[in-house]
Amino acid sequence: MMAKVRPRRQAPGTEQTNSARAPQLPPEDREALRQEAEEQVQRTAEALRRFALPMSSEPAFVFKP
Amino acid sequence: MSARYPGEDDLAFRGVAELARLLEDQQVSSAELVDLCHRRLEHLGPRYNAVATLTPQRAKAEAQRASLAKRPSRPRSPQHGSLHDPLRGIPYGAKDLLAARGAPTTWGAPPYRDQVFDYDATVIEKLGRAGAVLAGKLAMVELAGGGGYRYPSASLQGPGRNPWNLEYWSGGSSSGSGAAVAAGLVPFTVGSETSGSIITPASYCGVTGLRPTYGLVSRYGAMALSWTLDKLGPMARSAEDCALVLQAMAGPDRHDPTCAGRRFHYDPLLLPGLQRLRLGYAPADFQDLAAAAARPAFAGALDTIRTLGARFTEVTLPGDLPYGPMVRTILGAEGATIFAGLIESQDFELLVDEKQKAGLRADSAITAREYLNAMRLRALVQDAFRHVFEGVDVLIGVGRPGPATRVDEPLDGRPSSINPPPPSGSGGNPALIAAGNLAGLPALCLPCGFTPQGLPLAIQLVGRPFEENTLLSLGAWYQTQTDWHRRRPPGLDRPPAAHQRQAGSEP
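Chains R and G, in that order, give the protein sequences.
Heads up, the first sequence is in the working numbering, so the first residue is 1 and it goes up one at a time.
Heads up, the second sequence is in the working numbering, so the first residue is 1 and it goes up one at a time.
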């Protein structure tokens, strides 16, 4: 479930530590990661499709009124 | 950091049950414990990038309330010593995906660095009602690693460093939660697991971690990564401590419709009951599938458990079920939906790990058919475990097949410490973490030794839904036979070595 977000205000007496900066990658490396991620989704989908399920099998969260 | 009074370092490594007895006997006060923990979190926490936010004012107020609260005057319980009010006055840390009123809750991710909630997550409320004292929020992998991540540095707080060797990862995504217990910063922490995020840091940091049954602990106020996989659980110095914390955390919550509504009361099995347990395991997990450096410790753990006299049976889950792809699809589809707003916003580029970003974007394309098929297969995983638990009561596996990886080693390749995969048909339950999470089962991670290089190793006990009591009882017995859970990382209070990193910097 989604947590509720309230206006951003830090309470006195709290201290934040250890902020890290995001490293920057060149565009070609980002493109390679994008392709790799998409291929991973495809491979994962193929791995699931290889497992034949009977038509009657239902998802693990069958709705109950 | 030098001790302020004799015995302070020793106090830092006492468990919840021991500290509760000291508090009851007034040998230490909650204010003293809180002061000790805050000093250690402040001075040692950055060494491991374990801390997100300290909450000193809140902790001071909670410690004062805990000191003023009258302890029950009933006679001491014979079951586990004396502890009718075991968490009162005990400091703890919470993974920074848990809302705590007025404090930043960053989810480990730069886009949420200034996020503040004006309410407490239910588990923090419950722990507060039990008298526990929130000392601070602990570091985590950004967004609990939803899209996948390549490096341990995938965190607003920097890479989680292992208290046993700073060049190695503490594990994640509950990275700060594992390190904080291992380094004696706090006696217990609250972590979360979607698929491995309690078991992994517990294994790598040599602490005891419990992943409860899905639905036993309310998730209201916790960042969601996967509605059908997320669980919150304790990490501490012993199975008994995890049991005491779970007692306070578990139970109904009207704010969380996925909550099972069941409470947990720790009622440890006595020795005859433990000896009647039927224990299952797959030898390959502890041999061929384990890192060579880990095998002696794993063999030792099995030998110790055999001395209990319980019946041992070889058990394997179906080897043809695609456990990893199931988790990947379910987590990916649910996570990409949860974070759709972030993915479509400019803040998305602020995330630390590029692979995480690529993964979340790609997961947005998972189709309904793929997700539903993963959920249909998930029912088969539940059936497989039901079949296993007809013949055994507890399934024993390894926490992780090898020790922690180096902090600069990519996480999506095979770690150098792990052997090449054995020929297919070699048996074992290599996907036990994925399978156990898919089925919503509880698991207890227990330190079981070290590699020759001094890195911790662990076994895990997996049980039927809502049978945490069995796992914790067996774990507590194991910890009367061993002392791995009492070991302390070397050199914690010596001046930092030359390789010591500053807080928040890249490795």
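Derived from the structure by calculation, the hints contain no laboratory data.
Note that beta-carbon positions come from the ideal geometry of N, C-alpha and C, so glycine has one too.
There may be inaccurate statements among the hints.
Looking from chain G toward chain R, a few residues come up when the C-beta cut is under 7 angstroms (computed) [as the list claims (entries may be wrong)]:
#1 Glu370
#2 Leu372
#3 Gly449
Which bits of chain G does chain R cover? Going by a derived footprint, with three or more residues having C-beta under 8 angstroms, they are [said to hold, decoys possible]:
#4 200-212
#5 289-302
#6 313-322
#7 378-387
Distance windows between CB atoms, simulated [to be verified]:
#8 Glu31/R to Asp347/G: 18 to 28 angstroms
#9 Ser56/R to Asp267/G: 51 to 61 angstroms
#10 Gln64/G to Glu36/R: 50 to 60 angstroms
#11 Val62/R to Ser67/G: 20 to 30 angstroms
#12 Glu344/G to Glu36/R: 58 to 68 angstroms
#13 Leu270/G to Val62/R: 33 to 43 angstroms
#14 Ala31/G to Glu31/R: 48 to 58 angstroms
#15 Leu25/R to Arg406/G: 52 to 62 angstroms
#16 Glu31/R to Arg369/G: 48 to 58 angstroms
#17 Glu28/R to Gly391/G: 52 to 62 angstroms
#18 Thr258/G to Gln42/R: 24 to 34 angstroms
Tested hints:
{"no.": "1", "hint": "Glu370", "in the structure": "holds (5 angstroms)"}
{"no.": "2", "hint": "Leu372", "in the structure": "holds (6 angstroms)"}
{"no.": "3", "hint": "Gly449", "in the structure": "violated (31 angstroms)"}
{"no.": "4", "hint": "200-212", "in the structure": "violated (count 0)"}
{"no.": "5", "hint": "289-302", "in the structure": "violated (count 0)"}
{"no.": "6", "hint": "313-322", "in the structure": "holds (count 3)"}
{"no.": "7", "hint": "378-387", "in the structure": "holds (count 4)"}
{"no.": "8", "hint": "Glu31/R to Asp347/G: 18 to 28 angstroms", "in the structure": "holds (21 angstroms)"}
{"no.": "9", "hint": "Ser56/R to Asp267/G: 51 to 61 angstroms", "in the structure": "violated (41 angstroms)"}
{"no.": "10", "hint": "Gln64/G to Glu36/R: 50 to 60 angstroms", "in the structure": "holds (53 angstroms)"}
{"no.": "11", "hint": "Val62/R to Ser67/G: 20 to 30 angstroms", "in the structure": "violated (50 angstroms)"}
{"no.": "12", "hint": "Glu344/G to Glu36/R: 58 to 68 angstroms", "in the structure": "violated (22 angstroms)"}
{"no.": "13", "hint": "Leu270/G to Val62/R: 33 to 43 angstroms", "in the structure": "holds (40 angstroms)"}
{"no.": "14", "hint": "Ala31/G to Glu31/R: 48 to 58 angstroms", "in the structure": "holds (56 angstroms)"}
{"no.": "15", "hint": "Leu25/R to Arg406/G: 52 to 62 angstroms", "in the structure": "violated (21 angstroms)"}
{"no.": "16", "hint": "Glu31/R to Arg369/G: 48 to 58 angstroms", "in the structure": "violated (28 angstroms)"}
{"no.": "17", "hint": "Glu28/R to Gly391/G: 52 to 62 angstroms", "in the structure": "holds (54 angstroms)"}
{"no.": "18", "hint": "Thr258/G to Gln42/R: 24 to 34 angstroms", "in the structure": "holds (31 angstroms)"}
In summary, the structure is inconsistent with hints 3, 4, 5, 9, 11, 12, 15 and 16 from the numbered list given earlier, while agreeing with the others.
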